[in-house]
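Peer 1: What follows is each chain in one-letter form.
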Amino acid sequence: DAGITQSPRHKVTETGTPVTLRCHQTENHRYMYWYRQDPGHGLRLIHYSYGVKDTDKGEVSDGYSVSRSKTEDFLLTLESATSSQTSVYFCAISHPTRKETQYFGPGTRLLVL
Amino acid sequence: RKEVEQDPGPFNVPEGATVAFNCTYSNSASQSFFWYRQDCRKEPKLLMSVYSSGNEDGRFTAQLNRASQYISLLIRDSKLSDSATYLCVVSQGGGATNKLIFGTGTLLAVQP
Numbered sequence: 071d072a073g074i075t076q077s078p079r080h081k082v083t084e085t086g087t088p089v090t091l092r093c094h095q096t097e098n099h100r101y102m103y104w105y106r107q108d109p110g111h112g113l114r115l116i117h118y119s120y121g122v123k124d125t126d127k128g129e130v131s132d133g134y135s136v137s138r139s140k141t142e143d144f145l146l147t148l149e150s151a152t153s154s155q156t157s158v159y160f161c162a163i164s165h166p167t168r169k170e171t172q173y174f175g176p177g178t179r180l181l182v183l
Numbered sequence: 010r011k012e013v014e015q016d017p018g019p020f021n022v023p024e025g026a027t028v029a030f031n032c033t034y035s036n037s038a039s040q041s042f043f044w045y046r047q048d049c050r051k052e053p054k055l056l057m058s059v060y061s062s063g064n065e066d067g068r069f070t071a072q073l074n075r076a077s078q079y080i081s082l083l084i085r086d087s088k089l090s091d092s093a094t095y096l097c098v099v100s101q102g103g104g105a106t107n108k109l110i111f112g113t114g115t116l117l118a119v120q121p
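For the record, the sequence lines run as chains A and B.
To convert, count from 1 in the first sequence and add 70; that's the working numbering.
To convert, count from 1 in the second sequence and add 9; that's the working numbering.
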């Protein structure tokens, strides 16, 4: 168990509302990632962080922002949710010495109506 | 063309069968290779890394052919508990820019 939790685990929201998903880790790892998983697509990277206040965009970052004010927390915000953002969102952390090995949180299922 | 391609399956096999999954990747600069396992409605979990020399972990054997940009996973003596989606994953870049590229997965259903 990699010590990663995500909250909320499920959320239903309406188009146009802001939504924030939280990822919390107890491992003190530097690298954290947000992915989304949709049918017909592999997991796709939204944003990642390589330290407190250090973040960068992934391949599907439009409509999302992130913040990392503490090592243990990485927040993903949908500023104005759209139905195309209905998805399962996974947070991940990297192995400390092998950054290409990632461990995933349990996921958040988001439905935007 | 997707960067990592897998046969989506499903592969329906009886217990005790041997089953093989294949995966191809398009970026020859890919550096590291993995198989992840994902149970229904759960998170992906690392199953094993894949090396050019081939590697084995119990009933699981993974192979990498860099020249053909091809990765395989062999499962021997399938168990009911092996039923899951198997994700082929390649790593690109390094350091802070390291990225994992995921295939869409191959679904395995082991039948009693």
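If you're looking for bench data, these hints aren't it; they were derived computationally from the structure.
Misleading hints may appear alongside valid ones.
[Unchecked claim] Here are the simulated DSSO-like pairs of lysine-lysine, each with C-alpha atoms no more than 27 Å apart in a straight line:
| id | chain 1 | residue 1 | chain 2 | residue 2 |
| --- | --- | --- | --- | --- |
| 1 | A | Lys127 | A | Lys81 |
| 2 | B | Lys108 | B | Lys54 |
| 3 | B | Lys88 | B | Lys54 |
| 4 | A | Lys140 | A | Lys81 |
| 5 | B | Lys51 | B | Lys88 |
| 6 | A | Lys127 | B | Lys11 |
| 7 | B | Lys88 | A | Lys140 |
| 8 | B | Lys54 | A | Lys127 |
| 9 | A | Lys81 | B | Lys51 |
| 10 | A | Lys127 | A | Lys140 |
| 11 | A | Lys123 | B | Lys108 |
| 12 | A | Lys81 | B | Lys54 |
| 13 | B | Lys88 | A | Lys127 |
| 14 | A | Lys140 | B | Lys11 |
| 15 | B | Lys51 | B | Lys11 |
| 16 | B | Lys51 | A | Lys127 |
| 17 | A | Lys140 | A | Lys123 |
| 18 | B | Lys108 | B | Lys11 |
| 19 | B | Lys11 | B | Lys54 |
| 20 | B | Lys11 | B | Lys88 |
Peer 1: For the pair we were handed, B/Lys88 and A/Lys127, check the Cα-Cα distance against 27 Å.
Peer 2: violated (40 Å)
Peer 1: B/Lys54 and A/Lys127: Cα distance at most 27 Å?
Peer 2: Given that 27 Å is the threshold and the Cα spacing comes to 23 Å, the pair holds.
Peer 1: Would the hint linking A/Lys127 and B/Lys11 be met if the CA-CA limit is 27 Å?
Peer 2: Since the Cα atoms of A/Lys127 and B/Lys11 sit roughly 20 Å apart, the hinted pair holds (cutoff 27 Å).
Peer 1: Holds or violated: are the alpha carbons of A/Lys127 and A/Lys140 at most 27 Å from each other?
Peer 2: Holds: A/Lys127 and A/Lys140 sit about 19 Å apart, inside 27 Å.
Peer 1: Sort out whether B/Lys88 lies within 27 Å of B/Lys11, counting only the CA atoms.
Peer 2: violated (31 Å)
Peer 1: With a cut-off of 27 Å on the C-alpha distance, tell me whether A/Lys140 and B/Lys11 pass.
Peer 2: This hinted pair is violated, its Cα atoms lying about 35 Å apart.
Peer 1: For a C-alpha distance cap of 27 Å, please report whether B/Lys51 and B/Lys11 respect it.
Peer 2: holds (24 Å)
Peer 1: Quick one, are A/Lys123 and B/Lys108 close enough, alpha carbons at most 27 Å?
Peer 2: Cα-Cα ~19 Å, so holds.
Peer 1: Given the hinted pair B/Lys88 and B/Lys54, is their alpha-carbon gap at most 27 Å?
Peer 2: holds (18 Å)
Peer 1: When you check the alpha-carbon spacing of B/Lys11 and B/Lys54, does it fall within 27 Å?
Peer 2: Judged against 27 Å, a Cα distance of about 22 Å means the pair holds.
Peer 1: Within 27 Å, alpha carbon to alpha carbon, are A/Lys127 and A/Lys81?
Peer 2: Judged against 27 Å, a Cα distance of about 24 Å means the pair holds.
Peer 1: Would the hint linking B/Lys51 and A/Lys127 be met if the CA-CA limit is 27 Å?
Peer 2: holds (25 Å)
The structure fails hints 7, 13, 14 and 20 (numbered hints given earlier, in ascending order).
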